[in-house]
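2 protein chains.
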Amino acid sequence: MSIQPARGKFQSWRGVLLALSVIHAVPLCAAGELTWRALDPENTVFMELRNERVVIELNPGFAPETVKQFKRLVQERFYDGLPFYRVIDGFVAQGGDGSDLGELSEVPLIDAEFEIEWDQEWSFMPVQSPDMFAPETGFVNGFAVARNPSANTAWLTHCPGVVAMARNDDRDSSRTDFYIVIGQAPRYLDRNLNIFGRVVFGMDAVQRIQRGPTLNNGIIEDETRSTRMSRLRLVSDIPEEGRLSTYVLDTNSDAFADLLKDRRNRKQKFFHNKPPKVLDICQVPVNGRITK
Amino acid sequence: MSIQPARGKFQSWRGVLLALSVIHAVPLCAAGELTWRALDPENTVFMELRNERVVIELNPGFAPETVKQFKRLVQERFYDGLPFYRVIDGFVAQGGDGSDLGELSEVPLIDAEFEIEWDQEWSFMPVQSPDMFAPETGFVNGFAVARNPSANTAWLTHCPGVVAMARNDDRDSSRTDFYIVIGQAPRYLDRNLNIFGRVVFGMDAVQRIQRGPTLNNGIIEDETRSTRMSRLRLVSDIPEEGRLSTYVLDTNSDAFADLLKDRRNRKQKFFHNKPPKVLDICQVPVNGRITK
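So the sequence lines, in the order shown, correspond to chains A and B.
Each residue of the first sequence is one higher than the one before, counting from 938 in this note's numbering.
Each residue of the second sequence is one higher than the one before, counting from 938 in this note's numbering.
Derived by calculation from the structure, the hints in this document are not laboratory data.
Quantities reported herein were computed from a predicted structural model and do not represent experimental measurements.
Some clues are possibly wrong.
Any copy, or any two copies together, can satisfy a pair, since identical chains are not distinguished.
Here are the simulated DSS-like pairs of lysine-lysine, each with C-alpha atoms no more than 30 angstroms apart in a straight line [stated by the list, open to error]:
#	residue 1	residue 2
1	K1008	K1229
2	K1214	K1198
3	K1229	K1204
Given only the sequences and the hints, what does the whole structure look like? Please build it.
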């Protein structure tokens, strides 16, 4: 069998793209109709990781006190230069100064904000009911949410990219250190931690954060090896002329509803075995973008 | 509020570890009892990515023809130096020469190996029934498997780390290029692609593969920017004295069954809201390790 390795590569881009676009039914196929929502500068944080930009959207609706403390800490430059000190591949990257787990911190603790009473005013884009981990799931302004209609409760669910406060056994023991989910959604943590935001841009940079040894529970003992957040800034604190604009897909639009429908009913020729008509809320991409 | 940033960090390692080990109930807590299985050198491939080692375990039981062709290509050094040319964060990293999607390749096509008839001889470690995407899930020798008992079929399921052959619309059009799942399990692809292995070690290196632009369907047009697989070697082709030994958790053991039970019934004080007693097969870590 003769094989042609390097030469003639990618000669058929059209074919490649056609074939691949089917495998990955991303929002792109309906991009013309989909709309984007501008993020609120008051609730958007830029995090720099090795000169790469990560954009975090905060969610004061679901975690008002956590967002308030996080914003204050960002504005005091608390996090600048601190490491991601506990990083387990496929699970979480946790960063901060470790003080909220020790005894020396003077930063106040945050009360639990695990779930909220459902606000009838909010628009809810349904995704799956029942879901394996909750009676129903859907999007609220781009955030993956689970709901229990019989209890009238709702909570942010642990999808990849979610940002939440670490704590110890006490429910009200969150303080400063936070984690970003970097692997398959650990949804067993839902309703047990203060999720307060999500990464809307730059997850590729987050995925390059140095991992710790599994046998040491992900803890990187040698601080010189760990990835540091060089700085975090609230976008509203950046002078307007130097600001980048940030957008995320509008999950309230009819076009997004159509996209969910398409994903639930895969009609492309590619699918020789039709998938079950269900959607994993954490597997629906809700991308962000930044522009000058 | 006065904050102590750099000084006094990590003064309480014991506390940190105690607290964190609860959040992440990894196999470690029962590590003494868990047993490890040595990988078969005939079905283990080392892939080098920027001097980092990635270990792939092949699965000839579920995809005999795909494994046969992949091994032959590895032995012919077909992949050495080829790029991951289509990489979408949160989805897949696809590499190869692109020829199986064009028209110039002389490598034979592979017939579909989407699912198999269940072999009663195999030991099956049950995880979840029903699962959202399949009547039941479980492990077969470390691999995440879904089954449909009424049809007596079984298939490898698209968890993070899974390695599968790309194809175009034709079911029998796999050839050379493969992808690794790097994000939330795209289980809608199950029973539609030839999954033939999984990464058992080095997913952190895989996560550092250069991403392509989402708006270009992940395609990296500028080949100089893409991450290349410098070489792939079948372990049995490496002289024994230079070989590393590779192991994965034995998912057939009683200790592993206990671990699943613990994950299903979270009894730690950490959980103020008990999670539903369900398990996502793709969220159960089945780690590998390598030793000299």
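Structure-based check of each hint:
For a Cα distance limit of 30 angstroms, the shortest separation of K1008 from K1229 inside one copy, 24 angstroms, qualifies, whereas the shortest one across copies, 48 angstroms, does not. For a Cα distance limit of 30 angstroms, the shortest separation of K1214 from K1198 qualifies both inside one copy, at 9 angstroms, and across copies, at 29 angstroms. Taking the closest pair of Cα atoms, K1229 and K1204 never come within 30 angstroms of each other, the shortest separation being 38 angstroms inside a single copy and 49 angstroms across copies.
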